[in-house]
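> Chain order of the listed sequences is A and B. Numbering-wise, this note's numbering puts 116 at position 116 of the first sequence, and it's gapless, one number per residue. Numbering-wise, this note's numbering puts 20 at position 20 of the second sequence, and it's gapless, one number per residue.
Derived by calculation from the structure, the hints in this document are not laboratory data. Possibly wrong hints are sitting among the right ones.
Said to hold, decoys possible - Listed next, with one range per pair, are the computed distances between beta-carbon atoms:
#: 1; chain 1: B; residue 1: D327; chain 2: A; residue 2: P64; range: 24 to 30 Å
#: 2; chain 1: B; residue 1: D210; chain 2: A; residue 2: V69; range: 39 to 45 Å
#: 3; chain 1: B; residue 1: G148; chain 2: A; residue 2: D94; range: 18 to 24 Å
A virtual CB, placed ideally from N, CA and C, is assigned to each residue, including glycine.
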Amino acid sequence: MSDTFSLRVNGVRHDVQCAPDTPLLYVLRNDLGLTAAKFGCGLGLCGSCNVLVGGQAVHSCDTPAWSVVDQEITTLEGLGDESEPHPLQRAFIDEQALQCGYCTAGMIVTAAALLDRTPDPTEAEVRAGLADNLCRCGVHNRIVRAVRRSVAR
Amino acid sequence: MTSPSLAANPDPTAWISPGPAGTIVVRSGKVELGQGVLTALAQIVADGMRVRLDRVRMAPASTDGSPDEGYTAGSLSVQHSGAALRVVAAAWYTALGDAAETAFGTGMSDVEDGTITADDGRTFSYWDLPPDVPLEIGGPAATPEMVGTSVGRLDIPGRVFGSRRYLQDVRLPGQLFGRMLRPPGRSARLVAVDDGQVRALPGVVEVVWDGDAVGVIAQREDIAVRAVDVLADGCTWKQEPSLPDQYDLANYLRSAPSDETVQAERGDPPAGPPSVEATFSRPYLAHASIGTSCAIARWDTDRLAVWTHSQGVYPLRGELARWFGIDADHITVTHVEGAGCYGHNGADDAAGDAALLAAAVPGRPVHVVWSRQDELGWAPYGPAMAVTVRVTVDDQGRPAHWTQEIWSNGHSNRPGSAGNPPLLAALRQADDPVASSDPPLARGGGSARNGVPGYPVPGLRVVSHRLRTMPLRTSAMRSLGAHLNVYAIESVIDELAETAGADPVAYRLRLLDDPRGRAVIEAAAEAAGWGTAKAGPDGGRGIGYARYKNMGAYCAVVADVEVTSRITVTRLTLAVDVGLVVNPDGVRNQMEGGAVQALSWTTMEQVRFDARDVTSRTWEDYPIARFADVPPMETVILNRPDQPSLGAGEGSLGPTAAAIGNAVRAALGVTIGDLPLTAENLMRDR
Numbered sequence: 001m002s003d004t005f006s007l008r009v010n011g012v013r014h015d016v017q018c019a020p021d022t023p024l025l026y027v028l029r030n031d032l033g034l035t036a037a038k039f040g041c042g043l044g045l046c047g048s049c050n051v052l053v054g055g056q057a058v059h060s061c062d063t064p065a066w067s068v069v070d071q072e073i074t075t076l077e078g079l080g081d082e083s084e085p086h087p088l089q090r091a092f093i094d095e096q097a098l099q100c101g102y103c104t105a106g107m108i109v110t111a112a113a114l115l116d117r118t119p120d121p122t123e124a125e126v127r128a129g130l131a132d133n134l135c136r137c138g139v140h141n142r143i144v145r146a147v148r149r150s151v152a153r
Numbered sequence: 001m002t003s004p005s006l007a008a009n010p011d012p013t014a015w016i017s018p019g020p021a022g023t024i025v026v027r028s029g030k031v032e033l034g035q036g037v038l039t040a041l042a043q044i045v046a047d048g049m050r051v052r053l054d055r056v057r058m059a060p061a062s063t064d065g066s067p068d069e070g071y072t073a074g075s076l077s078v079q080h081s082g083a084a085l086r087v088v089a090a091a092w093y094t095a096l097g098d099a100a101e102t103a104f105g106t107g108m109s110d111v112e113d114g115t116i117t118a119d120d121g122r123t124f125s126y127w128d129l130p131p132d133v134p135l136e137i138g139g140p141a142a143t144p145e146m147v148g149t150s151v152g153r154l155d156i157p158g159r160v161f162g163s164r165r166y167l168q169d170v171r172l173p174g175q176l177f178g179r180m181l182r183p184p185g186r187s188a189r190l191v192a193v194d195d196g197q198v199r200a201l202p203g204v205v206e207v208v209w210d211g212d213a214v215g216v217i218a219q220r221e222d223i224a225v226r227a228v229d230v231l232a233d234g235c236t237w238k239q240e241p242s243l244p245d246q247y248d249l250a251n252y253l254r255s256a257p258s259d260e261t262v263q264a265e266r267g268d269p270p271a272g273p274p275s276v277e278a279t280f281s282r283p284y285l286a287h288a289s290i291g292t293s294c295a296i297a298r299w300d301t302d303r304l305a306v307w308t309h310s311q312g313v314y315p316l317r318g319e320l321a322r323w324f325g326i327d328a329d330h331i332t333v334t335h336v337e338g339a340g341c342y343g344h345n346g347a348d349d350a351a352g353d354a355a356l357l358a359a360a361v362p363g364r365p366v367h368v369v370w371s372r373q374d375e376l377g378w379a380p381y382g383p384a385m386a387v388t389v390r391v392t393v394d395d396q397g398r399p400a401h402w403t404q405e406i407w408s409n410g411h412s413n414r415p416g417s418a419g420n421p422p423l424l425a426a427l428r429q430a431d432d433p434v435a436s437s438d439p440p441l442a443r444g445g446g447s448a449r450n451g452v453p454g455y456p457v458p459g460l461r462v463v464s465h466r467l468r469t470m471p472l473r474t475s476a477m478r479s480l481g482a483h484l485n486v487y488a489i490e491s492v493i494d495e496l497a498e499t500a501g502a503d504p505v506a507y508r509l510r511l512l513d514d515p516r517g518r519a520v521i522e523a524a525a526e527a528a529g530w531g532t533a534k535a536g537p538d539g540g541r542g543i544g545y546a547r548y549k550n551m552g553a554y555c556a557v558v559a560d561v562e563v564t565s566r567i568t569v570t571r572l573t574l575a576v577d578v579g580l581v582v583n584p585d586g587v588r589n590q591m592e593g594g595a596v597q598a599l600s601w602t603t604m605e606q607v608r609f610d611a612r613d614v615t616s617r618t619w620e621d622y623p624i625a626r627f628a629d630v631p632p633m634e635t636v637i638l639n640r641p642d643q644p645s646l647g648a649g650e651g652s653l654g655p656t657a658a659a660i661g662n663a664v665r666a667a668l669g670v671t672i673g674d675l676p677l678t679a680e681n682l683m684r685d686r
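Produce the complete structure using the sequences and hints provided.
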């Protein structure tokens, strides 16, 4: 029941061996060591596992590995790093837009997909774009400010 | 300012020591829960020793060398650990000055980034001090320069780039993945396990069965997740209905067997019926962190190593020692950050799961992550509560006698608390579970937290009824009893104001003599434009105020709401006084985050259950506040540099709940006593 898959993640091709219906989240975290995307619910209801597949934000917890072969997958790690931060990452630091940070990867990745569709979103558009991402620490307004700030630069 | 933490751990070098490569290593017993406390503590040390903030390394709390500060709870970290670090930093600062003076005589600079420079150019730094340098507590401190400024949290960049490891992300050499199968009901006993099918799954390493605890260990995490479903099919349980009627919860709480404690009493009880009598209730509430509980454990013959996001590494070690019957000094418990922590969640239980499973695979670390369903279904809950308030007023319309009666399960079931409650995997639910206890009021109380009104009242009687049985396991959740007690008190205060024909803000100011309390009420009212804005036809505005634990942070909140078929909070205005502010943006983040959580609890949250088990196991059944529910917020911080720092983590929850309740009251004309403020409860109460 184990197969070999070729996945393209953050611009790099990886061969992974797992059952075809293994959720992408576990492949990213355990086989590729990309742990920014987090397990939150396993049902696609919280957004903490979100990654970009072909530019769309998807729940990696209920996306089987077989379904994303040959697609461009981007995780938070692929958006930017300390030396070359993504504008959203810079803005999240500037606004101190988190407390525990567990939902942050999903928030930033989802916001990146939103900005792709809507380059200069209104506050209401940001709230709507992040409607399916949950945060329990209560930093929602900081996150909205950070997303808007990232395009105001 | 004295620190109980320092009294318990008096060796200064256990707290702070110069480290390699020009670093200052700080060991606090307090842990990062997402509240930013490590940055606040680092600021205190950097200021006190006069070193750059980026030299400070906050070591993870571990039973292997950290000071024992019990739990990171009760908004006490800056008060206790911060106070200890402040005086130890001062001792190092003084020791460096003394040593430099011995070396150089006179003619030298003050400490600059950890180094003193003599007029002739020679230098002497913390890293030049001998390891046995005498450190005397009580020396003069450096003039603070950084405390009071909003330095960015040290841990935020790593979280934003995905490089900072959470416990969920840790992968140790040879690590296996474990999952427990939780029972199908609260009273369920495990009768038989047929593990043939699950053992036949490729990648399954072990099946563990001990009492009512049963789980699997697998080579891959995704295999462990599948295997636990297969294991469930092979398990036979026996169970009886054991839970009360969810729709009659307040009556259940008032009638179940309980221990009565008079928490506060003065003055004679009034003759005749009270002027006002009102009842309140809240349901069980879930911690509902976005990440689920997690742990790693490894046994090496008779030694156990555990990695946990528990709030207390030492009490957890004590409980593991008791359970496994080994010496505590054969166990090392180390803290690694998890997802946001708002009280006693499943962290300790997950550590128990990992330790139990790992015993079956000696030498191999076992990593356990709970499912969302287990997190919402089996972590301890914030207790359901009922409150009755009876007030007799004087001829000025002021309260002359106040009775507050509280029914609740206890608010602590932490490892090491009264009765030594077992970890979940060791729990035999059908036996006599250790019902949760309440800390005494002098330490902040549990059910009775903030049950004593903060307003001067000549006659007072505050009574708590702590349930002796515990249908659902309850423990500490952010602000403990203060959520419903403040909601109840402030609702009644609004009712008294109305009876007295007074404005709610003016009435509170008339009652309250504490100048700091008055100041936050005035500041919140002014910032919100109290008395100027007109509420629309569906609108209402309300205020809530409390001093957390009657001895912590002051907070007043003004809420604006719209009540249609549901309640929408349209604006929140906070004013807070936490004494000396260490990090203003940190205070704002904590206070506003607490307000959002209180909004969520108060307007939408309730644990649902049937006769056998909890049924609200996903985000669809247990909704929490989303982006659309979070209103614009403004926070006024009243800095008190001459006053001790007070914790900011829990001060806004009670006042926010109360402000929302009073705003709804203003819109509808009646008090809604039963939380949450859903359409269902609105229809029932009005």
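> Given the hint of 24 to 30 Å, is the C-beta distance from D327 (chain B) to P64 (chain A) inside that range or not?
47 Å, violated
> Using the beta carbons of D210 (chain B) and V69 (chain A), state whether their distance is inside 39 to 45 Å or not.
42 Å, holds
> Could you check the hint for me, namely that G148 (chain B) and D94 (chain A) are 18 to 24 Å apart, CB to CB?
20 Å, holds
Checked against the numbered hints given earlier, this structure breaks only hint 1.
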